[in-house]
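Chains as they are written, first to last, in my numbering: chain X, 1 to 149; chain B, 1001 to 1149; chain G, 2001 to 2088; chain U, 3001 to 3088.
Read the hints as simulated data drawn from the structure, not as lab findings.
You may find that some hints are simply not true.
Pair by pair, the computed Cβ-Cβ distance ranges are [said to hold, decoys possible]: (1) X:Arg148 / G:Glu2023: 25 to 35 Å; (2) X:Arg148 / G:Gly2039: 43 to 53 Å; (3) X:Arg71 / B:Arg1015: 48 to 58 Å; (4) B:Trp1149 / G:Gly2039: 29 to 39 Å; (5) B:His1101 / U:Pro3029: 34 to 44 Å; (6) B:Gln1132 / X:His101: 21 to 31 Å; (7) B:Glu1042 / X:Trp149: 26 to 36 Å; (8) X:Pro100 / U:Pro3029: 23 to 33 Å.
Stretches of chain B that chain G covers, calculated by requiring three or more beta carbons in the stretch to come under 8 Å of a beta carbon on chain G [as the list claims (entries may be wrong)]: (9) 1008-1019; (10) 1066-1073.
Here a beta-carbon is modelled for each residue, glycine too, at the ideal position from N, C-alpha and C.
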Amino acid sequence: MATIRVQAEPFDVARELAALSDGRHEVGGIGCFVGTVRSTPEREVTALTLEHYSGMTERSLAAIAERAEERFGLLGCTVIHRVGRLPAGEAIVLVLAAAPHRQDALDATGFLIDWLKTSAPFWKSESTPDGQTRWVEAREADDTAARRW
Amino acid sequence: MATIRVQAEPFDVARELAALSDGRHEVGGIGCFVGTVRSTPEREVTALTLEHYSGMTERSLAAIAERAEERFGLLGCTVIHRVGRLPAGEAIVLVLAAAPHRQDALDATGFLIDWLKTSAPFWKSESTPDGQTRWVEAREADDTAARRW
Amino acid sequence: MDGTTLEILYFAWMRQRVGLASERVVAPPGIATLGELVGWLAARDAAHASAFENPRLVRVALNQEFASLNVRFAPGDEVAFFPPVTGG
Amino acid sequence: MDGTTLEILYFAWMRQRVGLASERVVAPPGIATLGELVGWLAARDAAHASAFENPRLVRVALNQEFASLNVRFAPGDEVAFFPPVTGG
């Protein structure tokens, strides 16, 4: 029941929510996470460029989704990850998890995004206002977050 | 920065997401929860009817939102709760929490929905296919969930 | 002193049992806390008695904030009685 | 035996350092595990050496699954090298 997509185009959260839950009355709650390109005055970013390993990406997202569905008794989930150049403020990733009860929906949402961050083959480079580009380094905190589960 | 609404009409998740985050580049993640009217073959529900204590509802939601914004360093949050008669499958409640980082956004989303469930003055009655109506009883598990925080 | 005028609200099945969504009452001298108010209201008639019969299921708000039964009310206060909330 | 033909992929800054997104190589006899392959590739030229210079930052996938360096490869396998992932 998982929907997995890697795409350059923006996603429509309302449409994805509807696709996941419309007409499915056994759903009691849907958890959702939207990750966005962040830029702050201290660390200004004009855009992120996302590269991925086509083939492995879809496999790894499908595997993460299958684990989440089993572990949290999901009625379905959606993972959409964008690639290419995404200006500051743009959405990068959407995770949706539908479950009979809210706690499973919310826990599955956290599980999916934590695992995606540490095991799906995406890489970000940051463009800054001075025209420079640098690869984003992996964060120790992300590994710790994924290991909680 | 909190948006609090109690309304009979449906809400538009995409529009609320945009209102919360458009043009706000310091947002890195938005957590979201949508609660829906659940009906299963074992416990069939044709609709829920939601009553609330106008005045106290808005105050208590604003107080919960303020606590969440402070505790999780939110850049904003949205709580929309519907009232009146809502058929099976309809959305009841929307919670959005925008933060610089994903863990705060997701934790705040859980915090908001857990506290809303135990301290905002809403009451649900269930209509069943046999034409009966019964008041939904409060769940011990909801108190436990709210006390975690 | 002639007693304290209060606005009383009832919600959900308490509203149905009392048969009223709200009523203005004058609490007599000697009834000063919310707990005393509950006892006095419950003694009014069978409808009120039925609404208050299980104290474990009665929640109280004073001027739109949750309050406990030992709290004292003042003239003009809004007091609401309702079962445990079930929103979300 | 003439060695093992493999499809090698590089991503992110490893791709930039090697200067290639992919290459077909024939690993000589005696190079059988992914760890041995890393050593052999790193010794090819300065570009490869630079990509592999910090082993702590190199992740490996064998046929699109994460793999550890003691795993043995087979003819026709797809082997990918990349830095720690940073999606989401």
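Results of checking the hints against the structure:
The hinted window of 25 to 35 Å between Arg148 (chain X) and Glu2023 (chain G) is violated, with their beta carbons roughly 52 Å apart. Take Arg148 (chain X) and Gly2039 (chain G): their Cβ atoms lie about 50 Å apart, and the range 43 to 53 Å holds. The hinted range of 48 to 58 Å is not satisfied by Arg71 (chain X) and Arg1015 (chain B), whose Cβ atoms lie roughly 33 Å apart. A hinted range of 29 to 39 Å holds for the C-beta pair Trp1149 (chain B) and Gly2039 (chain G), which are about 35 Å apart.
The supplied range of 34 to 44 Å is broken by His1101 (chain B) and Pro3029 (chain U), whose beta-carbon atoms lie about 50 Å from each other. For Gln1132 (chain B) paired with His101 (chain X), a C-beta distance near 23 Å keeps the hint of 21 to 31 Å intact. For the hinted restraint 26 to 36 Å between Glu1042 (chain B) and Trp149 (chain X), the CB-CB distance of approximately 30 Å keeps it satisfied. For Pro100 (chain X) paired with Pro3029 (chain U), a C-beta distance near 57 Å fails the hint of 23 to 33 Å.
Counting residues of the stretch 1008-1019 of chain B whose beta carbon lies closer than 8 Å to any beta carbon of chain G gives 0, which falls short of the minimum of three for the stated coverage. For a cut-off of 8 Å, the count of residues in the stretch 1066-1073 of chain B with a CB near a CB of chain G stands at 0, and the three-residue condition is violated.
Of the hints listed earlier, those the structure fails to meet are numbers 1, 3, 5, 8, 9, 10, in rising order.
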